[in-house]
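For the record, the sequence lines run as chains L and E. Numbering-wise (this note's numbering), the first sequence opens with residue -1 and increments by one. Numbering-wise (this note's numbering), the second sequence opens with residue 137 and increments by one.
Bear in mind the hints are in silico, worked out from the structure with no lab data behind them. Be aware that one or more of the hints could be misleading.
[As the list claims (entries may be wrong)] Derived CB-CB ranges, DEER-like:
#, chain 1, residue 1, chain 2, residue 2, range
1, L, GLY312, E, THR661, 26 to 36 Å
2, E, ASP345, L, LYS68, 20 to 30 Å
3, L, THR18, E, TYR294, 21 to 31 Å
4, E, THR425, L, PRO122, 35 to 45 Å
5, E, GLU220, L, ALA361, 47 to 57 Å
6, E, GLU220, L, LYS222, 47 to 57 Å
7, L, THR18, E, LEU755, 54 to 64 Å
8, E, HIS286, L, ASP241, 38 to 48 Å
9, E, LEU644, L, ALA361, 53 to 63 Å
10, L, GLU314, E, GLU746, 34 to 44 Å
11, L, LYS342, E, ALA701, 35 to 45 Å
12, E, THR661, L, SER335, 36 to 46 Å
13, E, LEU644, L, THR179, 44 to 54 Å
[As the list claims (entries may be wrong)] Pulled from the structure, derived: some chain L residues nowhere near chain E, Cβ distances all over 12 Å:
#, residue
14, GLU31
15, PHE97
16, LYS254
Ideal Cβ positions, reconstructed from N, Cα and C, are used throughout, including at glycine.
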Amino acid sequence: MGEAYTPGLKVKKSLVVRRTRKLPIKGETLVKEGDNVRTDTIVARTHVPGDLQIVRVAQILGIELEDTEKYMVLKAGDYVKKDDVIAKSTSFFGLFKTFVKSPVEGMIEHVSNVTGQVVIREPPIPVEVKAYIPGTVVNVFPEEGVTIETPAAFIQGIFGIGGETQGKLLMVADSPEDALTADLIKPDHKGKILVGGSLVTGDALHKAVKVGAQGVIVGGIDDKDLVELLGYEIGVAITGHEDVGITLILTEGFGKMPMSKRTFALLKSLEGKQASISGATQIRAGVIRPEIIIPLEGREIRKVGEEEEIPSKGLEPGTRIRVIREPYFGALGRVVSLPVELQKAETESYVRVLEAKLETQPAGAKPVVIPRANVEIIEE
Amino acid sequence: MGRKNSDKKPMFDPESIKVILATDAGSTTSKARFFKKLGNEYRFVASGEAPTTVEAPFEDVTMGIRNAIREVEELTGHTLLTEEGIITPTQGEKKGVDLYVTTSSAGGGLQMMVAGVVRTMTAESAERAALGAGAIVMDVMAIDDGRRIHQKIQRIRYLRPDMILVAGGTDGGTISHVVEVSELIKSAEPKPRLGVSFQLPIVYAGNKDAREYIKDTLGEKFALRTVDNIRPVLEVENALPAREAVHELFMEHVMSHAPGYSKLMKWTDVPIMPTPAAEGTMFRTIAETYNMNVIGVGLGGATTNVYSIFGGKFVRTVSANLGMSYSICNVLKEAGIANILRWVPFEIEEADLRNRLRNKMIRPTTIPQTLHELMVEHAVAREALRLAFEHHKQLARGLRGVQRKRTIADIFEQTMGEETHIKMMELNFLGGTGGLLSHAPRRAQSALMLIDGFQPEGVTKLAQDSVFMMPHLGVLSTVHPKAAMEIFEKDCLVRLGTCIAPVGEGKLGETAVKIRAKTSDGEITEDVPFGTIKTIPLKEKEIVNVKIEPHGGLDVGAGGGHSYAASVEGGVVGIIVDARGRPLVLPKDSKERSKKLIDWFRALNAYPQETLARIQKTL
């Protein structure tokens, strides 16, 4: 493949982060442009139509389907309480009466003479959208939602589980190589977002949930521990809705994977700050990666760049890269050259490659050959 | 908004077409294939590939397609692109094309929900029709599917399909059930996956007497299209009108909302085809041209598509979420780790294998660099093929609910109308396409993956797509069949050889089958012991008459222990005598199993011998 590289994940000290917060269906926005919001400010609200209950009226009354409407006591549009009579039939000169009662509170939406069914819609369910990040409202989509802007440090993970949450960052690891084990988790970690190094163990995750930590940010996890935590195996990488009591963000991948030094150093420099995180990941059909947003305060808000919209230019000699597949998985380095001709890999496939000098190689060692598809660019 | 191109009829003189460009926007990779008329025939000239760009941060499918085409430009020196798109018609020898066609499965392909009245009858017919149109079926809803009404409504709300196909009832029959289905859909108000502002398309292919009621129920809120009943009577399945309507609505409503497709639609006068629809067209052509029973498979990054043509009956299934990149962990989930591990010849910790597959899932565009990594992917591929074929067999079966006359033989055989009509012993041709199979470094690797995944029985020809161009040729065949067939024969179809596989169980080490044949190089006599594989070289397009003598109760087509004479075609791998038995059972002991795998790989020269020797030393 020509430009077969994966654009790297963002690790930015400071940039303007914008997040659009929209309702699933139209409703009302509760803030206006220029307003300052906190993470828990409700910015928009609506009501999702309630659940439906279908009552087989004709069947219960033992009548012809097309007579359903005739036997209704109430009509479409009427409001009902649970156990209100909605239809009845009488027989033997009124001696025997059969009633059909509403199983729920709601509104009669439809009476069908074709199916003999009555549709009752339960009361609407309120839905609220919170700001998620503190900042300023910069755009209002009437009836739909808002865009909030804040200068922040911004880090993308590679994979996560669990939804949006907030908490203060706490470094539990001393170095990117350290594993996050259960003995390192303490009761006073409640409400915190814990930063580990290369791996979080299954026991540690369970303990983090138990003490009430809000999130864990770490280089890697063994898949078997993730399966054990979730109670099931993830098939396709669409996550964010898991209800396991914690949000987990992996910055590197699966297995023991030292967190990139840059990510680790940035998180360490922001220890104690309030962070908004989301584990939502979607690798297909609209890539969503987990994110860590740490709003900047006071003097930190200097030279804040724009959140980049344009993908990086591509590979060139000198480009800083990370290898994302065996046999050099996780290694950092720089591109030395980009041979034009396809080269034969150990697999015997002819692939487009690059030559790179890895940080783990001794000085003077020959550059290694890696398929271009197996590196990601580290933005500098 | 893209102009509607579903009803475009390209007007051109086929003889005037000299230069053709075809692309496929796959879920992971966009592929460009460049064809030219050289002398009197059309030939494949060059290919280019680039990552698909439907997703963020690019969100424009044409970027990936441009990158793939640019690679063709670099390789050929032929200018194909301008800022506006593809240059048509040609301008001199080295600029532009006469015809541009494309297929697409990017952004999740066509995702549909289907509904019917009875799960095993109209709902199943609707499912087959949607799959036949190349769709991924997200859910099949029926009155009797065991779910409660509110559960169905929740499900409809949760899914965000591109389209819904509603069937139900025979013409003249009761209408209440199918109207009930439509009321359910109306109440749930499903929203389309792409573009919240447009109406979700619904195809109604049920009882014609219910059309007015369906219109009243669904006409206002949805883009409703009514077509002939899919089951006008119980004994007949009429899927074509529903399938065509799905294709039209796919272009008008779905494609035009996917990122960049409005631009892509302007580049071509030929309707964009879903990749599985185009792939299936080519397998169907093989069956028709050579009058054979055919099974074809497209093993992709996100989905695996299986096509079967038995006795002229065509069935297509698209197994969503069985694939080699985005969906690799769903193969892990569905097959189980033990089933993947059983195909890996070297020792690997279960935890390590799991982590490797997860890492491929989160970085789906990476490729194996080492042989061990390649072998792991091939292990997953075998399971993806096996699972997709199982799925296919469930749908490739006779119409249910039909009263059948039974003979005494039927009673003894315990056959039901519900059995699959796929009989592996009657299969003549097994072919594979898709990135992993087409790009396997050695053809013997794809031959063995096809054999292990499908377990053909008796005598079966094996073939594969050379550089993955079957979808391209499929869409091309809709407007220029001559060019498509010429390229298919000369440059696309790689004849791997013929597989001879006795059915049954034998004693390990004892002769399972004896092969006798006369070839241009001399006489062949081979005794193949049970539990082994043997390859006999036979060149591509060379055909020999072979006498196959199975031992014991083994069967190669003429019944247990009976000799069978067959005309066998050669290929780049040759004749593969697979005497491992059917069903294929792998040793339970992991070391034993590894040794067997290595023996089999060696027999086909599937991987470098020195690597296999190295692995064997570690066992």
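Outcome of the hint check:
1. GLY312(L) with THR661(E): 26 to 36 Å: Given a distance of about 59 Å, which is not inside 26 to 36 Å, the answer is violated.
2. ASP345(E) with LYS68(L): 20 to 30 Å: The hint (20 to 30 Å, Cβ to Cβ) holds, given that ASP345(E) and LYS68(L) are roughly 23 Å apart.
3. THR18(L) with TYR294(E): 21 to 31 Å: Distance hint for THR18(L), TYR294(E) holds at roughly 22 Å.
4. THR425(E) with PRO122(L): 35 to 45 Å: Roughly 60 Å apart at Cβ, these two residues miss the hinted range, so it is violated.
5. GLU220(E) with ALA361(L): 47 to 57 Å: 51 Å, holds
6. GLU220(E) with LYS222(L): 47 to 57 Å: 52 Å Cβ-Cβ, so the 47 to 57 Å window holds.
7. THR18(L) with LEU755(E): 54 to 64 Å: With a Cβ separation near 57 Å, THR18(L) and LEU755(E) satisfy 54 to 64 Å, so the hint holds.
8. HIS286(E) with ASP241(L): 38 to 48 Å: 21 Å, violated
9. LEU644(E) with ALA361(L): 53 to 63 Å: 56 Å Cβ-Cβ, so the 53 to 63 Å window holds.
10. GLU314(L) with GLU746(E): 34 to 44 Å: 37 Å, holds
11. LYS342(L) with ALA701(E): 35 to 45 Å: 43 Å, holds
12. THR661(E) with SER335(L): 36 to 46 Å: 55 Å, violated
13. LEU644(E) with THR179(L): 44 to 54 Å: 48 Å, holds
14. GLU31: 23 Å, holds
15. PHE97: For PHE97(L), whose nearest Cβ neighbour in chain E is about 21 Å away, the distance exceeds 12 Å, so it holds.
16. LYS254: Violated, because the least Cβ-Cβ distance between LYS254(L) and chain E comes to about 9 Å, which does not exceed 12 Å.
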